[in-house]
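Student: Each chain is listed here by its residues.
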Amino acid sequence: MLRTLLVIAAAGGVLPIVPKMPNGKYDYKTLTAKLKEIKGAPDNAAETKANFSADASVPYDIVVATLDAMRITEEGKILFPDVAFAAGIL
Amino acid sequence: MAGHEEENPNVISRLEGKKAIRSYARKLEEPEVIKDLNITPMMDMMTIILVFLLKTFTSATTFVAQDQNMALAPSMTRMQDKQAVPLTISKRVVLVQGDFVAPISNGKIDPALKRDGENGYYITPLVEYLKKLSNKERKVAELTKGKFEGELQVIADRNTPYRLLAEVLYSCGQAGYANYRLLVLKNRE
Numbered sequence: 709m710l711r712t713l714l715v716i717a718a719a720g721g722v723l724p725i726v727p728k729m730p731n732g733k734y735d736y737k738t739l740t741a742k743l744k745e746i747k748g749a750p751d752n753a754a755e756t757k758a759n760f761s762a763d764a765s766v767p768y769d770i771v772v773a774t775l776d777a778m779r780i781t782e783e784g785k786i787l788f789p790d791v792a793f794a795a796g797i798l
Numbered sequence: 530m531a532g533h534e535e536e537n538p539n540v541i542s543r544l545e546g547k548k549a550i551r552s553y554a555r556k557l558e559e560p561e562v563i564k565d566l567n568i569t570p571m572m573d574m575m576t577i578i579l580v581f582l583l584k585t586f587t588s589a590t591t592f593v594a595q596d597q598n599m600a601l602a603p604s605m606t607r608m609q610d611k612q613a614v615p616l617t618i619s620k621r622v623v624l625v626q627g628d629f630v631a632p633i634s635n636g637k638i639d640p641a642l643k644r645d646g647e648n649g650y651y652i653t654p655l656v657e658y659l660k661k662l663s664n665k666e667r668k669v670a671e672l673t674k675g676k677f678e679g680e681l682q683v684i685a686d687r688n689t690p691y692r693l694l695a696e697v698l699y700s701c702g703q704a705g706y707a708n709y710r711l712l713v714l715k716n717r718e
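Line by line, the protein sequences are chains G and X.
Mapped onto the numbering used here, the consecutive letters of the first sequence carry residue numbers 709 to 798.
Mapped onto the numbering used here, the consecutive letters of the second sequence carry residue numbers 530 to 718.
If you're looking for bench data, these hints aren't it; they were derived computationally from the structure.
It cannot be assumed that every hint is accurate.
To give a feel for the contact side, a few chain X residues facing chain G, derived at Cβ under 7 Å [what the hints assert, rightly or not]:
no.: 1; residue: Ile684
no.: 2; residue: Asn688
no.: 3; residue: Pro690
no.: 4; residue: Leu698
Beyond 10 Å from chain X on every Cβ pair, some chain G residues (computed) [unchecked claim]:
no.: 5; residue: Lys733
no.: 6; residue: Lys737
no.: 7; residue: Thr738
no.: 8; residue: Ile746
no.: 9; residue: Ala753
no.: 10; residue: Leu787
no.: 11; residue: Phe788
C-beta atoms are modelled at their ideal positions from N, C-alpha and C, and glycine is treated no differently.
With the rest of the complex left out, here is chain X (with noise of 0.2 Å):
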């Protein structure tokens, strides 16, 4: 048997067996320890995390303070809202990225701010600002290579006269602005 044991050189004596045993486990007890610390995929991780909070949170439905000058239309539209250049048309102004444009009185714009007068569609300070903003735009897109889309945010109030809201809509067409997407409130029943 002894001479068998020998002679295979696979076969260990129990005594040896017992001390690689212990000597595997005393390895098992002794866990490694991390010394260095590499906090660059945790980092890499965070930031697609936060930009993509902020992108969620960007197109989210975009928020808008309603008072006695600005109520919005209530619409049966399951649509989500897309970014693009907010329009605003209140009782008493027309905001274009909230900078002032022209002032609205009875629903009318001035006939002094329009180029073709009392029943002129052109509203001059309108055009004006948004051609300076096409261009902008346009040159954004050159040198990103994208497109230009000219395309608006419209929030009118509920009450705006549809003559008053035609005006706004010719004067972004000559400017470059010839797509919209009217904010409502999806509240119609």
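Chain G extracted, bound-state conformation (with noise of 0.2 Å):
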């Protein structure tokens, strides 16, 4: 998590990003839609764990609502609740 977008990475590589919306707020929405298609494939079906890491001035409630956008799709869908804080900066 930088501070102008969100970088979504995994054991493949690195995914698109998804930039900030034109309102100067992160696109939380878009977060969890792109992590909805990864839970979709097969290898990832019961994969609920992720690491969490961000720039050093994120402030805690973006944590929050970040956590909030990886754990559960508005309908319900368990997407990724169990998160491990990475230490390390991007």
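With the hints in hand, could you dock these two chains into one complex?
Tutor: Right under this line is the structure:
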């Protein structure tokens, strides 16, 4: 999670970025949609774990909102609720 | 007919029947008096109710006083909170179980309190405090044949920078507390 965009990375590489919206807010809906797409792959169907890292200055409420977007879809489909915080800075 | 009544022992005269009815009615009029009230079952019941209520209240939503130094982050979560060691990160201090552990200035921990200085993650007083606490909890778990879960309830101010959060969580992990529950407000739309 950077100041200007969200990056989804996986073992196979880095997936397309999710830029901020024109109003300057993070695009959580697109993030959830991308993660839903990833979760939909047969290899990831049972996966619940994700690593989270953010820029040093990102505030906690943005972290919580991102974790919300990573955990569950609006329809209630479980995505990646088991989050490990990474100490390294992107 | 009379001879028939004498022959059958189950047939009684009308007079005897009336006597029997009056005697039975008298018995009914005199209710049984409770001389000794046994309150033991009632006490048992009250104790069970008391324990149930205490358990219900202790597992209810955690109370957090919010002020200018502490405002919880809103969230869409519908999960219930669970009792764990409370760790608070306000704008000015880090507290564990309400005890002061380290001061915060401008969203940062004083480098002198970190083992590796400015760029370090290891907050020495926090690790030392939690190591003592984990030793106690491990002993209690041994004695009660329970399991040491190493779980923390993180109560952080909504503006806490990620770097500070990462430093605190890293330090907690070094002391054996590797599982976190983030306390949030169930309000975000």
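Student: With reference to the structure, classify each hint as holding or not holding.
Tutor: A quick look at each hint next to the structure:
1. Taking 7 Å as the C-beta contact cut-off toward chain G, the hint placing X:Ile684 at the interface is violated, the least distance being around 11 Å.
2. About 5 Å separates the beta-carbon of X:Asn688 from the nearest beta-carbon of chain G, less than 7 Å, and the hint is met.
3. For X:Pro690, the shortest C-beta to C-beta distance to chain G is roughly 5 Å, which falls under 7 Å, so the interface hint holds.
4. Because the smallest distance between the Cβ of X:Leu698 and any Cβ of chain G comes to about 5 Å, under 7 Å, the interface hint for this residue holds.
5. The non-interface label for G:Lys733 is consistent with chain X: the shortest C-beta to C-beta separation is roughly 13 Å, beyond 10 Å.
6. A cut-off of 10 Å between C-beta atoms confirms that G:Lys737 is not in contact with chain X; the least separation is 12 Å.
7. With a minimum CB-CB distance of about 16 Å to chain X, G:Thr738 clears the 10 Å threshold, and the non-interface call stands.
8. Distance to chain X confirms G:Ile746 as a non-interface residue, since its nearest Cβ pair spans about 20 Å, more than 10 Å.
9. Every CB of chain X is more than 10 Å from the CB of G:Ala753 (nearest about 22 Å), matching its label as outside the interface.
10. With a least CB separation of 13 Å from chain X, G:Leu787 remains clear of the 10 Å interface cut-off, as annotated.
11. No beta-carbon of chain X comes within 10 Å of the beta-carbon of G:Phe788; the shortest separation is about 14 Å.
Comparing the model with each numbered hint stated earlier shows that hint 1 is the single one that does not hold.
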